Amino acid sequence: MYFLAAVHVLLAINVFLFDVLCFFIPWPPVAACTFGRHLRVCMVASLNWLLLSSG
Numbered sequence: 001m002y003f004l005a006a007v008h009v010l011l012a013i014n015v016f017l018f019d020v021l022c023f024f025i026p027w028p029p030v031a032a033c034t035f036g037r038h039l040r041v042c043m044v045a046s047l048n049w050l051l052l053s054s055g
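At position 2 of the sequence shown (counting the first as 1) the number is 2 in UniProt numbering, and the numbers step up by one without a gap.
These aren't lab readings, by the way, just hints derived from the structure by calculation.
Just so it is clear, the structure is predicted and the values come from calculations on it, not from any experiment.
Backbone N, C-alpha and C fix where the C-beta goes; we use that ideal spot for every residue, glycine too.
Careful, some of the hints might be misleading.
[Unchecked claim] Quick list of the computed label-pair ranges, beta carbon to beta carbon:
1) V20 x S54: 23 to 31 Å
2) V41 x L4: 17 to 25 Å
3) S53 x V20: 26 to 34 Å
4) L17 x A45: 23 to 31 Å
5) I13 x L50: 15 to 23 Å
6) N14 x W49: 15 to 23 Å
7) V41 x A5: 16 to 24 Å
Work out the full structure: start from the sequences and follow the hints.
The following block contains the structure:
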């Protein structure tokens, strides 16, 4: 349980840092970056739901 919580926190930090990079660095594939952001938000939300339902 604590391991899952630690993984979830690390993933959330990773998502935040990657979104900051996507925002400040003008990469050419902006659409891919936005799609990846939505995908990661969905993944974090589903992990959060699994974490809450298992505990």
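We went through each hint and held it up to the structure:
{"no.": "1", "hint": "V20 x S54: 23 to 31 Å", "in the structure": "holds, 30 Å"}
{"no.": "2", "hint": "V41 x L4: 17 to 25 Å", "in the structure": "holds, 18 Å"}
{"no.": "3", "hint": "S53 x V20: 26 to 34 Å", "in the structure": "holds, 30 Å"}
{"no.": "4", "hint": "L17 x A45: 23 to 31 Å", "in the structure": "violated, 18 Å"}
{"no.": "5", "hint": "I13 x L50: 15 to 23 Å", "in the structure": "holds, 18 Å"}
{"no.": "6", "hint": "N14 x W49: 15 to 23 Å", "in the structure": "holds, 19 Å"}
{"no.": "7", "hint": "V41 x A5: 16 to 24 Å", "in the structure": "holds, 19 Å"}
Figure legend: structure checked against the earlier numbered hints; the only hint not met is number 4.
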